[in-house]
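Chains A and B, in that order, give the protein sequences.
If you're matching positions, the first sequence starts at 1 in our numbering and goes up one per residue.
If you're matching positions, the second sequence starts at 1 in our numbering and goes up one per residue.
Just so you know, the hints here were simulated from the structure itself, not pulled from any lab data.
Quick caveat, the model's predicted, so the values are computed rather than measured.
Pairwise CB distance ranges, derived in the manner of DEER restraints:
| no. | chain 1 | residue 1 | chain 2 | residue 2 | range |
| --- | --- | --- | --- | --- | --- |
| 1 | A | Phe88 | B | Thr22 | 21 to 31 Å |
| 2 | A | Pro105 | B | Gly54 | 34 to 44 Å |
| 3 | B | Tyr74 | A | Gln13 | 38 to 48 Å |
| 4 | B | Lys69 | A | Asp71 | 39 to 49 Å |
| 5 | A | Gly52 | B | Glu39 | 29 to 39 Å |
| 6 | B | Gly16 | A | Thr28 | 39 to 49 Å |
| 7 | A | Pro18 | B | Ser28 | 39 to 49 Å |
| 8 | B | Glu39 | A | Gly41 | 12 to 22 Å |
| 9 | B | Thr111 | A | Pro8 | 22 to 32 Å |
| 10 | B | Tyr31 | A | Pro18 | 34 to 44 Å |
| 11 | A | Glu99 | B | Gly54 | 15 to 25 Å |
| 12 | B | Tyr74 | A | Gln45 | 17 to 27 Å |
We put the beta carbon where it would ideally sit given N, CA and C, even for glycine.
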Amino acid sequence: SQTIHQWPATLVQPVGSPLSLECTVEGTSNPNLYWYRQAAGRGLQLLFYSVGIGQISSEVPQNLSASRPQDRQFILSSKKLLLSDSGFYLCAWSWDIGETQYFGPGTRLLVL
Amino acid sequence: ILNVEQSPQSLHVQEGDSTNFTCSFPSSNFYALHWYRWETAKSPEALFVMTLNGDEKKKGRISATLNTKEGYSYLYIKGSQPEDSATYLCALPPSGGSNYKLTFGKGTLLTVNP
Numbered sequence: 001s002q003t004i005h006q007w008p009a010t011l012v013q014p015v016g017s018p019l020s021l022e023c024t025v026e027g028t029s030n031p032n033l034y035w036y037r038q039a040a041g042r043g044l045q046l047l048f049y050s051v052g053i054g055q056i057s058s059e060v061p062q063n064l065s066a067s068r069p070q071d072r073q074f075i076l077s078s079k080k081l082l083l084s085d086s087g088f089y090l091c092a093w094s095w096d097i098g099e100t101q102y103f104g105p106g107t108r109l110l111v112l
Numbered sequence: 001i002l003n004v005e006q007s008p009q010s011l012h013v014q015e016g017d018s019t020n021f022t023c024s025f026p027s028s029n030f031y032a033l034h035w036y037r038w039e040t041a042k043s044p045e046a047l048f049v050m051t052l053n054g055d056e057k058k059k060g061r062i063s064a065t066l067n068t069k070e071g072y073s074y075l076y077i078k079g080s081q082p083e084d085s086a087t088y089l090c091a092l093p094p095s096g097g098s099n100y101k102l103t104f105g106k107g108t109l110l111t112v113n114p
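Extracted from the complex, chain A is given alone in its bound form:
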């Protein structure tokens, strides 16, 4: 069976510090991978998605970036965090276009 892992579970970081959130998927190959964010009082917002190693599509302009160094690894990064980066970050995967997305446990980020 497939499982998706995210870490850390929670993170408190000062403004201007770097960020690295990691997501890994087990039990499947060549999944589509996604990073979402839920800011306070708002819905889920798609940040990045990837259809393969090294292939990243960005949905919104921001100070975040994503990378996919391995087939089942998806990393969300920032060089300098902003207060507005606080939120709940979810990684998800799907088999293919049109398929259900399966979410990881999430990382709660608080930028102070």
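Mind docking chain B on chain A? Use the hints.
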């Protein structure tokens, strides 16, 4: 930008009550609609994927209907239980069918009081 609206924003019911809430979306170029259930401190869990007008799906006490001509889907919960308390999200891909980019509604927060 796809406009996905869910109502009500929140809902409180008593254990045993049946309830329903709505997801509204543009009816043109419909491709698919996803319902998710998101419990506090957990990750969203897929409930249904609906693709055809008139679709009805059921999972235990939860069921959903789809009307693509008028642009809405209803989620019904029969005999609500405290464990049904969660945020229920609907999501759609943009018109044209690309399912990479699901647009989520803000959700309906259901609280079932024992």
